[in-house]
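A.B. asks: Okay, here's what each chain looks like letter by letter:
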Amino acid sequence: MEGIRRIGWTVSQHKVLSICMVLISIIVLSGLLAPLIAPNDPNFVDLMHKLEGPSKQFPLGTDQLGRCLLSRLLYGTRVSLSLALLIVTSCLVIGTIIGCFAGYIGGKVDGLVMRICDAILAIPSLILAISLIAIWGAGWKQMAVALIIVQSVYYARFIRGLVKNIKQQTYITAAKIAGTSTLRLMTRHIIPNLLPPLFIVVTLEIGWVIMDISALSFIGLGVQSPTPEWGAMINEGKSFLRSHPRLMIVPGVMIFCMVAILNLLGEALSERKGLSRLLPKWAKEAKGS
Amino acid sequence: MRWLAYVLNRLAMMVPVIVGASFVCFLLLRASPVDPAKAYLSVSNIVPTEQAIAAVRAELGLDRSFWSQYGHWLWQLIHFDFGISFFSKLPVAKELAARLPITATLAVSSLFIAFVISIPLGIASALRKNRIIDHISRILAFLGASIPQFWLAYLLLYFLSVKLDWFPLQGADTWIHYVLPSFTLAFALIATYSRLLRAGLLESMEEPFVLYARARGLSTYKIIIHHVLRHAIKPVITAAGMNLGKLFAGAVIVEQIFSMPGMGGFFLESVYHRDYPVIQSYVLIMAIAFVVGNLAADVIQAYLDPRLTQKTNKGE
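If you're matching them up, the sequences are chains A and B in order.
Heads up, the first sequence is in our numbering, so the first residue is -4 and it goes up one at a time.
Heads up, the second sequence is in our numbering, so the first residue is 10 and it goes up one at a time.
Please note that the accuracy of each hint is not assured.
Unchecked claim - Under the rule of at most 20 Å between Cα atoms (straight-line distance), these lysine to any residue pairs were calculated in the SDA-like manner:
no., chain 1, residue 1, chain 2, residue 2
1, A, Lys136, B, Val43
2, A, Lys233, B, Leu211
3, A, Lys136, B, Pro42
4, A, Lys162, A, Ile144
5, A, Lys136, B, Gln179
6, B, Lys138, B, Leu211
7, B, Lys172, A, Ala173
8, B, Lys47, A, Pro54
9, A, Lys233, B, Val28
10, B, Lys47, A, Trp131
11, A, Lys233, B, Gln179
12, A, Lys233, B, Ser268
13, A, Lys233, B, Lys243
14, A, Lys136, B, Lys243
15, A, Lys233, B, Pro42
16, A, Lys103, B, Val28
17, B, Lys243, B, Leu136
18, A, Lys233, B, Leu178
19, B, Lys172, A, Ala263
20, A, Lys103, B, Met22
21, A, Lys103, B, Pro25
22, A, Lys233, B, Tyr167
23, B, Lys172, A, Val245
24, B, Lys243, B, Pro177
25, A, Lys233, B, Pro25
26, A, Lys233, B, Lys231
27, A, Lys159, A, Tyr149
28, A, Lys162, A, Val104
29, A, Lys233, A, Leu65
30, A, Lys136, B, Phe89
31, A, Lys10, B, Arg147
32, B, Lys172, A, Ile244
Keep in mind the hints are simulated off the structure, nothing from the lab.
All chains should be built: construct the whole structure from the sequences, respecting the hints.
C.D. replies: Here's what the structure looks like:
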């Protein structure tokens, strides 16, 4: 009884947070369980049933090749989420290494690394990603690497700022005087203190990366057909704008919901932790493009 | 004089960024798994024999050393020579210049729409804090951050062009063609700017000079227009300067959706063709747009708040 009451209290205290968590769990689960809950094979082409409206067999209707729209959306969740997680995790690792290195050593190394970051940040991230994909050729692997390279720079800069801040704290000086090795200082004292702000940035960043993935797939440079991906689905559906707007609207709703929930969660978290002032400018700003 | 020194100081800070960005652009080509000479031949539909490859390598200067190539490229850039497009065989500078007006119009009109909507919205939501208008602007900000731009473009196209037939579907012939694309680009900006302005206004309203103005019996409206706005708008100007690059990036997709023959759409076509000189030049131009945007924001801020120029001269 006590336990249930406690959960109830926590939920009522953090309404937005709880609702977001529930919604995210539903989306993640629907992606994970796609093979079980999807009514049809997402890639099964059935020209007899093409461009059909919603029916019992196809709850959201079919696309121009007679594939089940709902099944494609569900499988698309897997594609978008797993790609976004892969990209964000890689960026986090690379960004932490570079950021800690530059922030901790400081001096000329730091200056050089930051100048390189500045030069890369001067180019809009989506343009740089598109150019890298242009040179390597279209495909989800190339897109993932391009986004990792481009986004890592933001992480490196952000983490470097955090590390510089932490380095000035008294407990770091105390640990140094006590003879803690640099490696131990990093893993025991600096990195754990990076985690709370990073957690919030990552929440927001996953949403933005999903948006970038869908934009790149939309222009045909990312995930390739027939793999179901929301942006690529909008691209395929755009030719039927006049006759079947459903094909374009439905996948967009999915992207919007996913990004909106992550944005809400990120905001709720940062308000709760009082960490909003720690967020860098680029994280606060709406990443419109 | 002080003002000029401030601008020159800012300008000097931008030079390393531009040089660095140019190096990144140059490295882009190096990251290619395909020999640029072969890419050139395949775009031109020439059989890549060894002789042909060697000839193209010499023509493109690929047989020279890395630094000599970079130096040569920079030298050409300074003379506005961006190379020759692989695809059209025309000078890249000419191709881009022909398309610049459309993209520039799009960027400027987006910024214009963003300011025209977000300034009144920001003022209203600051004056009516936590009232209906404030909630509306909060929801707008949230939508702006969560709606994918390309999807918004299609939603507008479907509802306003296909269903209601208010706007043309595509093209860039008259001003009416620019309405939907500009609004698509402006939407996310409206969201950010109105919230930034609201926060700035609420902060500035606490300043002593506002109390003084109130004591003088000025109306809230006059205080905001004549005294507070020029301070509160500073973060918006900074954001707008930083967004110039983003606007160009957004234009790439938006121009393609609305079939506007601008720079962005041209860039995307070149991406599909693997037209390396165009890609390289476009990326560099984006970096320059970013730097110019930031510089312009700094200058406008210095104009709005002359205190900024004093700080730099005293060596901060």
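A.B. asks: Given the proposed pairing of A/Lys233 with B/Lys243, does the C-alpha separation stay at or below 20 Å?
C.D. replies: Not OK: A/Lys233 and B/Lys243 at ~40 Å, beyond 20 Å, violated.
A.B. asks: With the threshold set at 20 Å, check whether the alpha-carbon distance from B/Lys47 to A/Pro54 stays at or below it.
C.D. replies: violated, 49 Å
A.B. asks: Compare the distance between the alpha carbons of A/Lys233 and A/Leu65 with 20 Å, and conclude whether the hinted pair is satisfied.
C.D. replies: With Cα atoms ~17 Å apart, A/Lys233 and A/Leu65 stay inside 20 Å; holds.
A.B. asks: A/Lys103 and B/Val28: Cα distance at most 20 Å?
C.D. replies: holds, 19 Å
A.B. asks: Regarding the pair A/Lys233 and B/Val28, is the alpha-carbon distance no greater than 20 Å?
C.D. replies: Roughly 40 Å between the alpha carbons, so the hint for A/Lys233 and B/Val28 is violated.
A.B. asks: Sort out whether B/Val43 lies within 20 Å of A/Lys136, counting only the CA atoms.
C.D. replies: holds, 17 Å
A.B. asks: Is it true that the CA of B/Lys172 sits at most 20 Å from the CA of A/Ile244?
C.D. replies: holds, 14 Å
A.B. asks: Going straight from one Cα to the other, do A/Lys233 and B/Pro42 come out at no more than 20 Å?
C.D. replies: Measuring from Cα to Cα gives roughly 32 Å; hence the hint is violated.
A.B. asks: Measure nothing beyond the straight line between the CA atoms of A/Lys233 and B/Pro25; if it is 20 Å or shorter, mark the hint as holding.
C.D. replies: Violated, at about 43 Å.
A.B. asks: Sort out whether B/Leu178 lies within 20 Å of A/Lys233, counting only the CA atoms.
C.D. replies: holds, 13 Å
A.B. asks: For the pair we were handed, A/Lys233 and B/Ser268, check the Cα-Cα distance against 20 Å.
C.D. replies: The given pair, whose Cα atoms are some 13 Å apart, holds under the 20 Å limit.
A.B. asks: Does A/Lys103 pair with B/Pro25 here, judged by a C-alpha cut-off of 20 Å?
C.D. replies: holds, 15 Å
The earlier numbered hints that this structure contradicts are 2, 4, 5, 7, 8, 9, 13, 14, 15, 19, 24, 25, 26, 30.
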